[in-house]
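Q: Read off the chains here:
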Amino acid sequence: MERNPAQDTVKKISCPWSKRYWSYQAGALALGGLSLAYLLLARRPWGITSAWAYWTGWLAQVLGGEVSSWPYWRDMGLTVYLASPWLYHGTWSNLGLILGALLSSLLAREGRWRLPRRWPVALVGLAGGLLMGYGARLAMGCNIGALLGGIGAFSPHGWLFAAGLLAGAALGAWLLPRLF
Amino acid sequence: MVRYTLDAIGEICPVPLLLVHRKMAELLPGDELLVTTDFSRAVRNILDWAAREGHDILIVDEVEPGLWSVTLRKIR
Numbered sequence: 001m002e003r004n005p006a007q008d009t010v011k012k013i014s015c016p017w018s019k020r021y022w023s024y025q026a027g028a029l030a031l032g033g034l035s036l037a038y039l040l041l042a043r044r045p046w047g048i049t050s051a052w053a054y055w056t057g058w059l060a061q062v063l064g065g066e067v068s069s070w071p072y073w074r075d076m077g078l079t080v081y082l083a084s085p086w087l088y089h090g091t092w093s094n095l096g097l098i099l100g101a102l103l104s105s106l107l108a109r110e111g112r113w114r115l116p117r118r119w120p121v122a123l124v125g126l127a128g129g130l131l132m133g134y135g136a137r138l139a140m141g142c143n144i145g146a147l148l149g150g151i152g153a154f155s156p157h158g159w160l161f162a163a164g165l166l167a168g169a170a171l172g173a174w175l176l177p178r179l180f
Numbered sequence: 181m182v183r184y185t186l187d188a189i190g191e192i193c194p195v196p197l198l199l200v201h202r203k204m205a206e207l208l209p210g211d212e213l214l215v216t217t218d219f220s221r222a223v224r225n226i227l228d229w230a231a232r233e234g235h236d237i238l239i240v241d242e243v244e245p246g247l248w249s250v251t252l253r254k255i256r
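Chains as they are written, first to last, in the working numbering: chain A, 1 to 180; chain B, 181 to 256.
One chain only, chain A, in its complex shape:
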């Protein structure tokens, strides 16, 4: 394999163990292994966005909204999570995700408060987040639940999701230099 001078330069930086960059291959293997472990332990694939939907539905109810009659909750038997999203396992794995990312950043001693450079860009990010959340509900999963979990469970829906995701990413890559 061809040597990548960038990797050599990074390895020369003196730093704690956790600062070493992983190769893309090592990262892919770790992600695949952890996804498999999650599937075997939780008996369902790792997912992220469902918990957000349940929490948002819970919040809408707290604020007086009547969402439990919506087909999404009623017909899929999810009203129990509207009453208490804490019962949903994904709530806990999402908390673990956030704490793990924080821990990793602190262990690498690279944690710092970061503010957006340009606030219009932050608004674009917020709008993008809403679109992604909406899309994740339509597709019943995100790049973790539908893509990683789907492909890892040998389900064709993961590959179908990948085709849509790549098309969307291509559109985003075309759009990005025109926006910034």
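Rather than coming from a laboratory, the hints here were simulated on the basis of the structure. Do not take every clue at face value.
To give an idea of the interface, some chain A residues facing chain B are shown, with a C-beta separation under 10 Å as derived from the structure [claimed, not checked]:
{"no.": "1", "residue": "Y21"}
{"no.": "2", "residue": "R109"}
{"no.": "3", "residue": "E110"}
{"no.": "4", "residue": "R114"}
{"no.": "5", "residue": "L115"}
{"no.": "6", "residue": "F180"}
Pair by pair, the computed Cβ-Cβ distance ranges are [stated by the list, open to error]:
{"no.": "7", "chain 1": "A", "residue 1": "A60", "chain 2": "B", "residue 2": "R256", "range": "54 to 62 Å"}
{"no.": "8", "chain 1": "B", "residue 1": "V243", "chain 2": "A", "residue 2": "Y21", "range": "17 to 25 Å"}
{"no.": "9", "chain 1": "A", "residue 1": "L39", "chain 2": "B", "residue 2": "A205", "range": "42 to 50 Å"}
{"no.": "10", "chain 1": "B", "residue 1": "W229", "chain 2": "A", "residue 2": "S68", "range": "44 to 52 Å"}
Heads up, the beta-carbon is just placed ideally off N, CA and C, and yes, glycines get one too.
Once you've looked at the hints, dock chain B against the given chain A.
A: Only chain B this time, still in chain A's reference frame:
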């Protein structure tokens, strides 16, 4: 030889790489560009890109925790 600087602090991926890409296009061979970023992934992106393009990677430094500077030299 001219030394340019690019402050990409507060920009998130992939914008820092996009800015580096544009700035490097303005440089003449032999010129250097010092980029500062607080986005760890951007460091990796910029280094990968520079290596692919054949630019020299002169210095990679973490000047503060979570704040990096990368100096590149344009080759061609």
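Q: Give a verdict on every hint.
A: Going down the list of hints, with the structure as the test:
Contact between Y21 (chain A) and chain B, as hinted, is supported at the beta carbon level, the nearest pair being about 6 Å apart and thus within 10 Å. Satisfaction of the interface hint for R109 (chain A) is found here, the shortest Cβ-Cβ separation to chain B being roughly 5 Å, below the 10 Å cut-off. For E110 (chain A), the interface hint holds, since its Cβ comes within 10 Å of a Cβ in chain B; the closest pair sits about 4 Å apart. For R114 (chain A), the interface hint holds, since its Cβ comes within 10 Å of a Cβ in chain B; the closest pair sits about 6 Å apart.
At about 6 Å, the closest approach between the beta carbon of L115 (chain A) and any beta carbon in chain B falls short of 10 Å, and the interface hint on this residue holds. A distance limit of 10 Å between C-beta atoms decides the matter here; for F180 (chain A) the minimum to chain B is near 6 Å, and the interface restraint holds. Between A60 (chain A) and R256 (chain B) the beta carbon distance is about 57 Å. The supplied range of 54 to 62 Å therefore holds. Between V243 (chain B) and Y21 (chain A) the Cβ separation comes to about 18 Å, which falls inside the hinted range of 17 to 25 Å.
Our hint of 42 to 50 Å for L39 (chain A) and A205 (chain B) holds, since their Cβ atoms are close to 46 Å apart. Range check, W229 (chain B) to S68 (chain A): about 50 Å between beta-carbon atoms, so the 44 to 52 Å window is met.
The structure agrees with every numbered hint stated previously.
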